[in-house]
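Protein chains in written order, with my numbering: chain A, 1 to 256; chain B, 1 to 327.
Since the hints were derived computationally from the structure, they do not count as laboratory data. Among these hints, one or two may not hold up.
[What the hints assert, rightly or not] Computed, partial: chain B to chain A, Cβ under 8 Å:
| id | residue |
| --- | --- |
| 1 | His8 |
| 2 | Leu11 |
| 3 | Phe14 |
| 4 | Val21 |
| 5 | Gly25 |
| 6 | Ala157 |
| 7 | Ile161 |
| 8 | Arg165 |
Each residue gets a CB set at the ideal place from its N, CA and C atoms; glycine is no exception.
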Amino acid sequence: MGWRIGFDAFVSEVGGIAHFTGRYFRNALYPRFEWGELLRQCSISGYRSLPLVAITAFIMGLVLTVQSRPTLARFGAESMLPAMVAISMVREIAPVITALICAGKIGSSMGAELGSMKVTEQIDAMEVSGTNPFRYLVVTRIWSTILTLPILVVLAMGISIWASWVGVNIKDAVSWDLFYRQVFESLEFSDFIPAFVKSYFFGLAIGVVGCYKGYHTLKGTEGVGQAAHSAVVVASLLIFILDLMAVQITDFLGIN
Amino acid sequence: MSAKKGDHIRLGLFVLAGSAVLVVGLYMLGSKRNLFSNTMEVRTTFHNAGGLRPGNNVRYAGINVGTVEGVSIQNDTTVLVTLMIREDETTYILDNAIASLGSDGLMGNKLVNIEPGDGHGEPLTDGVMLPSTIPLDTDAMLRTLDVTNDNLAAITADVRILSERLTRPGSVIDLFSDTALASQLRASLGELNATATAARSATEQVSALVSDVRGGKGVLGTLIGDPVAQGQVKDMLARLQQFSDSLASAAGEVSRFSSALNDRNGLANVLTQDTTVAGEVRRSIANLETGSETLNENLKALQRNWFFRKYFKEKERKRVRDGGAQP
């Protein structure tokens with residue numbers, strides 16, 4: 001019977017997240033907007049996540065270049081290295097890695113922050129004081145992840161391509177001018193647009209899961225840690241599921 | 001408050017940096033598709049598009065001048081390809097330029113190459129139809145290569161058999177490892193060298209001789225170079241010719257004479273062939289000798305006759321007076 005309890009819990013979780021998402025959209029598209037809090041959350045989600053995302057993107061671009069180079073050199077196709085790394089980073093690696101990093105950093109912080117507010121009854125206090133806690137706490141946070149994650153993804157793409165150029169120049173000598181021309185020679189809108197669009201959905205998933213877990217925290221301080229932990233796990237899983245759906249949709253639409 | 005303002009500035013910089021990267025990226029991708037430049041639509045047709053897709057490059061003289069806008073089937077044998085050429089690149093492209101399908105490297109994307117055409121052409125106009133050539137059929141090339149490979153395999157098999165035969169003991173390869181043969185060959189070559197030297201010397205002498213003859217030296221040179229000598233030789237040859245003619249005439253006479261002699265009824269034939277006549281002639285000669293001796297005695301007797309004695313004495317004295325020679 002254990003599996004049934006687990007299945008019920010899973011379905012309940014899915015239903016709860018879906019309901020929470022619907023509630024978000026009901027509140028997100030109509031005033032009143034908490035602009036100040038939104039900007040503060042954007043700063044936390046975007047600007048303060050940039051160093052971590054930049055380092056990760058740089059390492060990914062460099063490592064992918066250095067790792068791919070021997071195989072391409074075996075076929076005498078080293079000149080295709082910029083194109084290969086650029087397509088890999090733009091289409092898949094930069095959006096997914098950035099989203100996973102943000103799920104770890106932003107999602108967990110949202111879960112912990114809202115969870116602690118929940119267990120200390122600050123959210124209840126806000127309701128009593130006449131402030132809509134959902135608009136103030138949840139909508140601003142989810143909007144911040146939706147808006148800042150694509151920017152982080154674009155910056156990660158640029159940084160990883162630059163890192164790839166650095167990686168190429170470890171063993172070779174290729175000018176930046178030639179490198180970025182080779183990169184953009186190989187890239188198409190069909191490489192960039194789906195990756196850019198799906199990063200909005202990644203941001204939505206991170207924000208929704210982080211806020212949902214924190215907003216529904218139970219069991220006191222123990223629940224805060226559990227909320228932060230499960231926010232990261234569920235958001236990461238959701239990112240991969242969305243990635244799978246995105247690739248199926250782009251393939252179906254013929255823009256792959 | 002200042003901390004909040006600083007947060008906003010940092011957030012603004014973050015958004016601007018992301019937007020700048022986004023705009024640059026979109027501009028680079030868009031410029032590749034000619035989204036930010038004026039273009040001219042040019043069309044061409046092929047029998048086989050060979051995997052050409054919208055977005056593939058169009059090159060003129062190896063330079064990217066545009067992209068493929070669309071590929072569509074016009075009828076059962078023709079594929080219509082629409083090209084977007086950047087207007088600033090159309091200055092040197094004329095409407096008699098020829099389009100052909102190519103690929104970027106061995107495994108690269110398909111592309112359309114535009115090459116200059118022959119003769120006079122007008123500058124491109126919007127919607128002009130360019131002539132095209134049949135693209136290189138790699139399948140046909142591979143089929144030919146397959147046949148070539150078969151031939152090559154047969155040739156290499158033959159060469160292998162030949163090589164095995166050559167390396168067997170007693171084959172021609174042994175000649176190359178035979179040191180005695182090598183020394184003989186070396187000696188032969190030495191002799192050949194000496195012969196060649198002698199031949200060269202003889203040639204030089206002949207050359208010198210020819211040079212002398214051309215220079216008019218010697219009899220032959222005189223004959224060749226001196227017109228007078230040449231005239232004399234011609235005269236001599238003419239006379240020799242006359243002599244030869246006379247000799248031929250005489251030979252004819254001798255031949256006729258010989259024929260006459262050989263005539264069965266002729267005197268000579270009778271004399272030489274008829275033994276009876278020969279005997280008679282022999283007897284007649286004997287008779288003549290006898291008669292001659294008798295006549296000699298008679299003459300001696302006549303000298304002693306007084307009637308002729310005076311005549312013989314005067315003759316003897318005259319002979320003695322003239323030289324004293326004995327009769």
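Cross-check of the supplied hints:
1. His8: Nearest chain A Cβ about 6 Å off; hint holds.
2. Leu11: Holds: closest Cβ of chain A sits about 4 Å from Leu11 of chain B, inside 8 Å.
3. Phe14: 4 Å, holds
4. Val21: With Cβ-Cβ at 4 Å, under 8 Å, it holds.
5. Gly25: 7 Å, holds
6. Ala157: 32 Å, violated
7. Ile161: 37 Å, violated
8. Arg165: 41 Å, violated
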